[in-house]
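Chemist: Taking the hints into account, I'd like the entire structure generated from these sequences.
Chains A and B, in that order, are what the protein sequence lines are. The first sequence begins at 1 in full-length UniProt numbering and counts up by one. The second sequence begins at 1 in full-length UniProt numbering and counts up by one.
Hints were generated in silico from the structure; no laboratory data involved. If you're wondering where the values come from, they're calculated on a predicted model, not measured in any experiment. Beta carbons are placed, not taken as given, at the ideal position from N, Cα and C, and that holds for glycine. A few of these clues could be false.
[Stated by the list, open to error] Below 25 Å or equal to it, Euclidean Cα-Cα: the simulated SDA-like pairs (lysine to any residue) are: (1) A:Lys196 / B:Pro19; (2) A:Lys289 / B:Pro12; (3) B:Lys93 / A:Lys289; (4) B:Lys93 / B:Leu139; (5) B:Lys93 / A:Ile278; (6) A:Lys196 / B:Gln87; (7) B:Lys111 / B:Ser96; (8) B:Lys295 / B:Gly271; (9) A:Lys289 / A:Leu133; (10) A:Lys196 / B:Arg20; (11) A:Lys289 / B:Arg20; (12) A:Lys289 / A:Ile278; (13) B:Lys295 / B:Ile272; (14) A:Lys196 / A:Val284; (15) A:Lys196 / B:Phe86.
[What the hints assert, rightly or not] Across the chosen pairs, the derived CB separations fall in these ranges: (16) B:Gly284 / A:Ser197: 55 to 61 Å; (17) B:Ala224 / A:Val292: 34 to 40 Å; (18) B:Gly13 / A:Ala34: 54 to 60 Å; (19) B:Gly14 / A:Ala170: 51 to 57 Å.
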Amino acid sequence: MTVAGKAHTPHASETGAAVSRSDDGAVPEAAGAALWSVGAALARREFTRFIRQPHRVIGSIGQPLIFWLLLGAGLTPSFNAPGLEGMTYLEYFYPGVLMMLILFASVFASITIIEDRDQGFLQGVLVAPVPRLGIVLGKVGGASMVALFQTAILLAAAPFVGMTVGLGGAVLLAVTLVLISLGFTGLGFLFAWGMKSTAGFHAIMMVIMMPMWVLSGAFFPIEGVPGWLHGIMMVNPVTHAMTILRAPFYADPMTLFAQGGYLLSFAVVLVWVVGCLILAALRVSRRDKGVVSAG
Amino acid sequence: MIRIEDLTHVYPGGRRQSPRTAVSDLTLHVPDGRFTILSGPNGSGKSTLFRILCGLARPSRGRVLIGGRDLLADPASARALMGVVFQSPAVDKHLSVQENLMIHGALYGLKGSAFRARLDEALAWTDLTGRLGDRVDTLSGGLARQVELAKCLLTRPRLLLLDEPTTGLDPASRRSFLSALTRLRRERGMTVLMTSHIFSEAEDVDSVAIMAEGRLLAYDTPQALRARLSGDVLVIDSPEPDTLAARLRDDMGLGAIRHGDELRVDEFPSGIDAVVLLERVLAGYRDLVRGITVKQPALEDVFIHVTAEARAARRVGAPESQETAA
Chain A
1 MTVAGKAHTP HASETGAAVS RSDDGAVPEA AGAALWSVGA ALARREFTRF
51 IRQPHRVIGS IGQPLIFWLL LGAGLTPSFN APGLEGMTYL EYFYPGVLMM
101 LILFASVFAS ITIIEDRDQG FLQGVLVAPV PRLGIVLGKV GGASMVALFQ
151 TAILLAAAPF VGMTVGLGGA VLLAVTLVLI SLGFTGLGFL FAWGMKSTAG
201 FHAIMMVIMM PMWVLSGAFF PIEGVPGWLH GIMMVNPVTH AMTILRAPFY
251 ADPMTLFAQG GYLLSFAVVL VWVVGCLILA ALRVSRRDKG VVSAG
Chain B
1 MIRIEDLTHV YPGGRRQSPR TAVSDLTLHV PDGRFTILSG PNGSGKSTLF
51 RILCGLARPS RGRVLIGGRD LLADPASARA LMGVVFQSPA VDKHLSVQEN
101 LMIHGALYGL KGSAFRARLD EALAWTDLTG RLGDRVDTLS GGLARQVELA
151 KCLLTRPRLL LLDEPTTGLD PASRRSFLSA LTRLRRERGM TVLMTSHIFS
201 EAEDVDSVAI MAEGRLLAYD TPQALRARLS GDVLVIDSPE PDTLAARLRD
251 DMGLGAIRHG DELRVDEFPS GIDAVVLLER VLAGYRDLVR GITVKQPALE
301 DVFIHVTAEA RAARRVGAPE SQETAA
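Modeler: Below is the structure:
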């Protein structure tokens, strides 16, 4: 601070005195908050906004639920996948609907980035002395909270289709859901950050995310599809997310941790999440830079 | 408080646009505890300068120090010193006043009792007491602006940056907003930098900076700026301003400034003052005059004078600058 200026001019010493006299903390000025408390404050805002818009709550739960019930009921008679004998389509499709719910919730939650920029809220956050990763965590964390709130409601339906999990399985399932929603919202964040129109963002997300979801094994089993499609599905990260989301319903965590395939899928999702968060933080800390010469 | 040195900002060109220089070689020092108004016509570069000052854009060249801290090298520590009020409101309209303030407090590490103490202090500067639980979209425009002021004050900034904060406010709200700023400067010793093109706002501040085409044309106290126009200003409202300007130039050697439909004369040949000139213009060009006034120069007149001068200077230097651009 202006220690030298304080000594020389009466005005500056007045300011200095005002600052040190009236402060109640150790720091003589507003220091930036820590990463987590920034993230928590912004995430809480996200969730409060969501809850205050009841039509958003109803719409985001209703759509996948209706989708699941109608498709499940309609396709169950003809569903006879190899290796999955005795499973109804309603049951097969259930984790896929969970995935779809997270996907939609994340897409809609990422749209709020564009709204925040448009309405001016974002610039207030950007000029605050906070770590840029905190801004990302707030948005992505808040969006994930919204997504998890919705999936929690749908999870209550699991026992009705004969899917039950033990305590260990439930914990693993919760961790998995958090990871997946962070992955999708992170992806949404990356796309939404540079975009100006919500309609454009919506279109782009549907073009990119819907195929990722359809080709993840959510909709139809990966076994028995043509070879080229199998290849695409295997490099699709959502397929791996689907694998780790489905698994806890059918095996206990200890068995799963001993399976190479499960661990591989888990690692893929982890890399996806961390990668998105890092890229998003880099993206946020990039300020518009003027070019060096007009020539 | 603010030291801007040789600042240049060039926007990158697009496929159809060539790169555009918004700020060029600007140097400006704002001492502690000053209330400064930054003014300029649209496109003068003041918004770009504002974005750079609050750390949202990085300039092409130059240095910016805020309270001695390098804004470009260490943005977080410089940001901690300032509060920013943007032209478009940076509040969440779906949340209540208190919720907005809490989020802002959290961004600056304020919570619990420290937050509550600061909250009361910040609210004392506004008329928001009693409206804390109201959603921001139910407040009037003037009160919504005050939410932003309260937000900024929570963090006890030493520098307040405001971008046309009174746009869209009625005269009464505008006056009370400005008087809060003036008191903040006086009682807290806060440095205030505000962009505005409403000159009545600038008459009582400590200094006025006038920008046009990315350059700083004038930076002085309002009194000193007004003194640049030595005498009165003759304002002629004419149906054909260009014709009249040409005839004044040819017949009397007068350089009149065209401003909208008006012609302005603020420099007079020796021995002639505004009133004498008024009589001569009326006598000689009655059919080209719809109305004619002699007035004391106000800041707005200085602004018109200074920007017109800059335009004229550029026209003279135009071939040269085209050469350098090519």
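Chemist: Which of the stated hints cannot be reconciled with the structure, identified by number in ascending sequence?
Modeler: 3, 5, 18
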